[in-house]
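Q: Those sequence lines, one after another, are chains A and B. For the first sequence, my numbering begins at 1 and goes up steadily by one. For the second sequence, my numbering begins at 1 and goes up steadily by one.
Simulated from the structure, these hints should not be mistaken for laboratory data. Here a beta-carbon is modelled for each residue, glycine too, at the ideal position from N, C-alpha and C. Careful: at least some of the hints might be erroneous.
[Stated by the list, open to error] Incomplete in silico selection of chain A near chain B, CB under 7 Å:
no., residue
1, P7
2, S13
3, N15
4, Y19
5, S61
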Amino acid sequence: MLYIKCPYCGLRSQNEFAYGGDATIKRPNLNQEVSNTEWDNFVYLRKSPRGRHLEFWHHISGCRQWIKVDRDTATHEIFNTYKANEEV
Amino acid sequence: MIKLSPLHNIHSIGSYGNYENKDEKNLIKILEVKDLLIVQLVQYKNSLLKIEDLEIDGLKLNNQALTITHNKNTRILWNSPKNWLLMSINKDLIKKINETFKESDFAVTDLSHSRSIIEIEGRNAKEVLKKGCPFNFNTFSKNSCTNSIYNGISFSADMVEENPDKIRLITLRSFGESFYHSITDASLEFGYKAI
């Protein structure tokens, strides 16, 4: 069981959250030509790193806000959490 | 038209569980809170309106997490940033709310018929909640609120009183009966009185 510090509600159990995937993926800019490969990479291509990783979590049974979590996927240690709009 | 409360079919008055040979004061009390005006207020992200300037039933919206502003009739729970849940026994307040919170800045949703509210009272009330919810209720004090999960059911808790603890549990109407069963099953150990 993980305990995740929600930037809005404080320390909460993982049960209240839903995993949202890699938080480093950037959407291609709007109103610009995007190749099929670039779009395919944005939609489907994900790394599966062993180690420190920035990921999205959704506090779905709490404040319903998306947050970013800096977590080690091997040890499950959580280094920091951020609001979704914060640049890391 | 007959109005049926969400727990109309399962909430039966009486004493249950381990209640025999116990002082009635020590039993947990469980009741259904009904006929409330429940309104969700959400300020749009692009709204520049200062919430300090707004007032409803003499209460201001509070943007501090997990807190409540309240008076005798109305309680406004912080749900999430720029999102509040207003509960009031004054049903006429909806007119004032619609006048105060303009459509251009706020989404106002009347949830009066889509929520089920259970009030649990007694010195073991927090113990009942701890059985199915990962939230640390030891830090939960009077006039604070939280959203969490109880045996997989999302709910909001509103601490109305302390000594003995009186906590309102608000969940979706469709989850109401399952949630009621979860809470009453967990209360059997202590003995409870449904009122």
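Q: Each hint: holds or not?
A: A quick look at each hint next to the structure:
1. Against a cut-off of 7 Å between C-beta atoms, the interface hint on A/P7 is violated, since the closest Cβ of chain B lies about 10 Å away.
2. Evaluation of the A/S13 hint against chain B yields a held restraint, the C-beta minimum of about 3 Å falling below 7 Å.
3. Because the smallest distance between the Cβ of A/N15 and any Cβ of chain B comes to about 5 Å, under 7 Å, the interface hint for this residue holds.
4. Taken as an interface hint, A/Y19 does not check out: its beta carbon lies about 15 Å from the nearest beta carbon of chain B, beyond 7 Å.
5. Contact between A/S61 and chain B, as hinted, is supported at the beta carbon level, the nearest pair being about 4 Å apart and thus within 7 Å.
Checked against the numbered hints above, the structure violates hints 1, 4; every other hint is satisfied.
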